[in-house]
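A.B. asks: Residue strings, one per chain:
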Amino acid sequence: MNSEVSRQTRSHTGGSVVVVCADRAEGPFHQAIRVALSCRADAGADAEARDADASFDLQPAGSRESLRDALDLACRRTWPAVVVADLLAFGADAGELIENVRERWPQIPVIIVTARGSEERAATLLAAGAGAYVINRGDRVPELGRAIRETLAHHAEQLEGRRAIAERRFSRAHLDLVMSAGNIGIFDWDLESGRVIWQGKLEEMMGLAPGEFGETYESFAQCLHPDDVPEVERAVAQARVTRAIFEQEYRSVARRTGTLRWLVARGRFLYGPTGQAYRMIGVVMDLTPFRLAEQTAQRQLAQIAQLQRANLLSLLASGLAHELNQPLSVIANCAGAALQMAANGVLPKAQAAAIFDEVNREAQRAGQIIRRLRDFIRRTPPESMRCDLNEVVREALGLMAMPLRQAGVQVTFEPAADLPPVLLDRVQIQQVLVNLIQNAIEAMQGCDGSRICELTVSVARLAGRARVRVWDNGPGIRAEDHDRLFESFFSTKTHHLGMGLAISRSIVESHGGCLALREVQGMDPPQACCSDSGGTTFEFTLPIYDTVGDAEGIVAGTTGQS
Amino acid sequence: MSEHCVHVVDDDPAIRRSLGLVLGAHGFSHHEYASAEAFLSEYKQSQPGCVILDLRMPTMSGEELLKILRERRSELPVIMLTGYADVPVAVRAMKLGAIDVLQKPVDHAVLVDAVRRALHQDGIRRRRAAERDRLTQRLEPLTPRQREMLGMLATGKTSKQIALELGVSVKTVDNHRAELLARLQASNVAELAALAVRAGLA
Numbered sequence: 001m002n003s004e005v006s007r008q009t010r011s012h013t014g015g016s017v018v019v020v021c022a023d024r025a026e027g028p029f030h031q032a033i034r035v036a037l038s039c040r041a042d043a044g045a046d047a048e049a050r051d052a053d054a055s056f057d058l059q060p061a062g063s064r065e066s067l068r069d070a071l072d073l074a075c076r077r078t079w080p081a082v083v084v085a086d087l088l089a090f091g092a093d094a095g096e097l098i099e100n101v102r103e104r105w106p107q108i109p110v111i112i113v114t115a116r117g118s119e120e121r122a123a124t125l126l127a128a129g130a131g132a133y134v135i136n137r138g139d140r141v142p143e144l145g146r147a148i149r150e151t152l153a154h155h156a157e158q159l160e161g162r163r164a165i166a167e168r169r170f171s172r173a174h175l176d177l178v179m180s181a182g183n184i185g186i187f188d189w190d191l192e193s194g195r196v197i198w199q200g201k202l203e204e205m206m207g208l209a210p211g212e213f214g215e216t217y218e219s220f221a222q223c224l225h226p227d228d229v230p231e232v233e234r235a236v237a238q239a240r241v242t243r244a245i246f247e248q249e250y251r252s253v254a255r256r257t258g259t260l261r262w263l264v265a266r267g268r269f270l271y272g273p274t275g276q277a278y279r280m281i282g283v284v285m286d287l288t289p290f291r292l293a294e295q296t297a298q299r300q301l302a303q304i305a306q307l308q309r310a311n312l313l314s315l316l317a318s319g320l321a322h323e324l325n326q327p328l329s330v331i332a333n334c335a336g337a338a339l340q341m342a343a344n345g346v347l348p349k350a351q352a353a354a355i356f357d358e359v360n361r362e363a364q365r366a367g368q369i370i371r372r373l374r375d376f377i378r379r380t381p382p383e384s385m386r387c388d389l390n391e392v393v394r395e396a397l398g399l400m401a402m403p404l405r406q407a408g409v410q411v412t413f414e415p416a417a418d419l420p421p422v423l424l425d426r427v428q429i430q431q432v433l434v435n436l437i438q439n440a441i442e443a444m445q446g447c448d449g450s451r452i453c454e455l456t457v458s459v460a461r462l463a464g465r466a467r468v469r470v471w472d473n474g475p476g477i478r479a480e481d482h483d484r485l486f487e488s489f490f491s492t493k494t495h496h497l498g499m500g501l502a503i504s505r506s507i508v509e510s511h512g513g514c515l516a517l518r519e520v521q522g523m524d525p526p527q528a529c530c531s532d533s534g535g536t537t538f539e540f541t542l543p544i545y546d547t548v549g550d551a552e553g554i555v556a557g558t559t560g561q562s
Numbered sequence: 563m564s565e566h567c568v569h570v571v572d573d574d575p576a577i578r579r580s581l582g583l584v585l586g587a588h589g590f591s592h593h594e595y596a597s598a599e600a601f602l603s604e605y606k607q608s609q610p611g612c613v614i615l616d617l618r619m620p621t622m623s624g625e626e627l628l629k630i631l632r633e634r635r636s637e638l639p640v641i642m643l644t645g646y647a648d649v650p651v652a653v654r655a656m657k658l659g660a661i662d663v664l665q666k667p668v669d670h671a672v673l674v675d676a677v678r679r680a681l682h683q684d685g686i687r688r689r690r691a692a693e694r695d696r697l698t699q700r701l702e703p704l705t706p707r708q709r710e711m712l713g714m715l716a717t718g719k720t721s722k723q724i725a726l727e728l729g730v731s732v733k734t735v736d737n738h739r740a741e742l743l744a745r746l747q748a749s750n751v752a753e754l755a756a757l758a759v760r761a762g763l764a
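Order-wise, the sequence lines are chains A and B. Position one of the first sequence corresponds to residue 1 (the working numbering), numbered consecutively onward. Position one of the second sequence corresponds to residue 563 (the working numbering), numbered consecutively onward.
Please keep in mind that the hints were generated in silico from the structure rather than gathered at the bench. Please note: incorrect hints may appear among the correct ones.
[Unchecked claim] Some but not every residue of chain B turned toward chain A, in silico, with C-beta under 8 Å:
no., residue
1, Gln609
2, Arg618
3, Leu664
4, Pro706
5, Arg707
6, Gln708
[Claimed, not checked] Footprint (simulated), chain A over chain B, 3 or more residues, beta carbon under 8 Å:
no., stretch
7, 569–580
8, 585–596
9, 726–738
Backbone N, C-alpha and C define an ideal beta-carbon position, used for all residues, glycine too.
My request is simple: use the sequences and hints to build the entire structure.
C.D. replies: As structure tokens, then:
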């Protein structure tokens, strides 16, 4: 018992001892308490232990005011405190004192000290709420000391408990703050009962009114964008089986307003001793502001890209006019031939069929040329779709067919074999290619007529990426211009705005790829400068998501775009 | 007309086919080439005809082909087809001797008319060339001095002037003249002069 007390007192470094007695300042009662506190119950304790127990703060409280001040202070300090009252000083008022203290400072214990004990008195006062009733006699000094220490220690424990509760409350408040400030929600799915509990702003994030959530998985799934339901189900099932962290992005649709929100959930299943999943917990974060910002950026890029395409239009339009002449010429020729044959009176059926077949084919060709250009300058929001990159490059070369033909450029196209679909905005990637091809044409026009202008466009599959290279055998780019190439309004040509490469890079980067000038290896800058170098190669890469394992990437990309 | 051949040079197969249809309907025989290079390697100068040439082609353009033909002293008439009214190109083509520059799409009547004119011109040119060849044969046996003298006579110079220029006696000049009349079976100097002009010596 003694050693236990000593341990307790040692673990709590004292506290306030508010001494209530008739003496206003230090008097005999104080002295008695000091003696009691300095006299250890376990008399053999060493000096070190005594030091550890040291700080008792004796507060004399000769009046009600000073008592109040002392106790208020003790409460503010959340410091263990005890009232030690000399019964002699109060006499009949002792009961009232105790009641007052207990009413106002309910946690602070009161010890009544008396010189002459009386069982009835003790019973009355203990009933009123006194913590202890101690007879103050010379032989009972250690007892008084122990009573004060024990009471203080008990109070300290109470305080500790309250603090823990307060801390729990505080951390709950923290969590609420984080959840609301960070737009975070918590879910807890009890697989046995099927009940799903949501905390934080999850209902709001899922587009529900407070209390509207049905607390089931089905009720959750009803809030999802229908397109995302299968992916979420697949990811949940996968996490359950693989025991991996579940992470999935999805959209919620507010039932009444139809407002879309982008959310990402991260969580895990918990498994019982038999290996059976019994619970799933996780957090959900609201990505809507980021997605909206991304969309805004995408929209702005789309607008700038659109403007630049309009700028390219003049280039393409003259080529287009020229290109249209081809099918129109064929049609005119066929009509002329048919007319003449009819006039001659010889138009065999097979011949007529062949002629009209040709006319029909060429009319389609003319239509395609116009459609291609119309697509290129259309004003629709960007949309990412799985496309055959080879085909996209082929179409871009088609768009540039006339400018290339007019410049007398020999074109080689090397498509990639076995290339999975690439997620991209067809028009924007074609715009990048048109810019690169146009730059190549202009670069090659700078060379003398002594050599054949050659352009090679190749598509290749790398690990996780597709790469497109545009190579021309022109004079190359001066080394000092390399760093500034991708700046807006930088152009080595006087009649150019210098937006082509800057916009192209933005487009490629918005697709998660990168666009760069391929430095010619092993060439010193003086040689690379405008001499008979290896021409210029630009290349860009685009990420490929081809397997189920990468499906999240595609979903993320799609939701980001739509 | 059947010995004439219209050479169609265009890199677009549909254009070649349709031009072939038009030419065929009008009774012209024709031959198609996918590039200027192919035409240059296959075409025989001796065959009469004309060329329909697309101005813009990858590798060798119509204009370059025209230049090469002129360098080779080929006078094959060339009809140039162009996609759009490009005046400087048209002017250059005409200077290089194209007989027509037609804008696509071309009316078949206009095209056929141009082909007729081209073939007609080719015919005239070939007849002239043939005659010149015959004359050249007749002039073959002449010595260089006689040839020189023929040219001078054709320009209407007198024996005295010629003698003075060549530093020979008038008698020598007269001897040469008699010799020329006899060799070329001409009855007088005027006839000699006409021969010389037709043979391109004057």
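A.B. asks: Now, for every hint given, state plainly whether the structure supports it.
C.D. replies: These are the hints, each one checked on the structure:
A hinted interface residue such as B:Gln609 counts as satisfied when its beta carbon comes closer than 8 Å to some beta carbon of chain A; here the least separation is about 24 Å, so the hint is violated. At about 6 Å, the closest approach between the beta carbon of B:Arg618 and any beta carbon in chain A falls short of 8 Å, and the interface hint on this residue holds. Among the interface hints, the one on B:Leu664 is violated; its C-beta lies about 10 Å from the nearest C-beta in chain A, farther than the 8 Å criterion. Because the smallest distance between the Cβ of B:Pro706 and any Cβ of chain A comes to about 42 Å, over 8 Å, the interface hint for this residue is violated.
For B:Arg707, the suggested interface contact is broken, since its CB lies about 46 Å from the closest CB of chain A, more than 8 Å. With its C-beta approaching chain A no nearer than about 47 Å, B:Gln708 sits outside the 8 Å limit, and its interface hint is violated. Note: the stretch 569–580 of chain B has 5 residues with beta-carbon separation from chain A under 8 Å; the three-residue rule is met and the coverage holds. For the stretch 585–596 of chain B, the stated coverage by chain A holds: 3 residues have a C-beta nearer than 8 Å to a C-beta of that chain, and at least 3 were required.
Counting residues of the stretch 726–738 of chain B whose CB lies closer than 8 Å to any CB of chain A gives 0, so the stated coverage by that chain is violated, three being the minimum.
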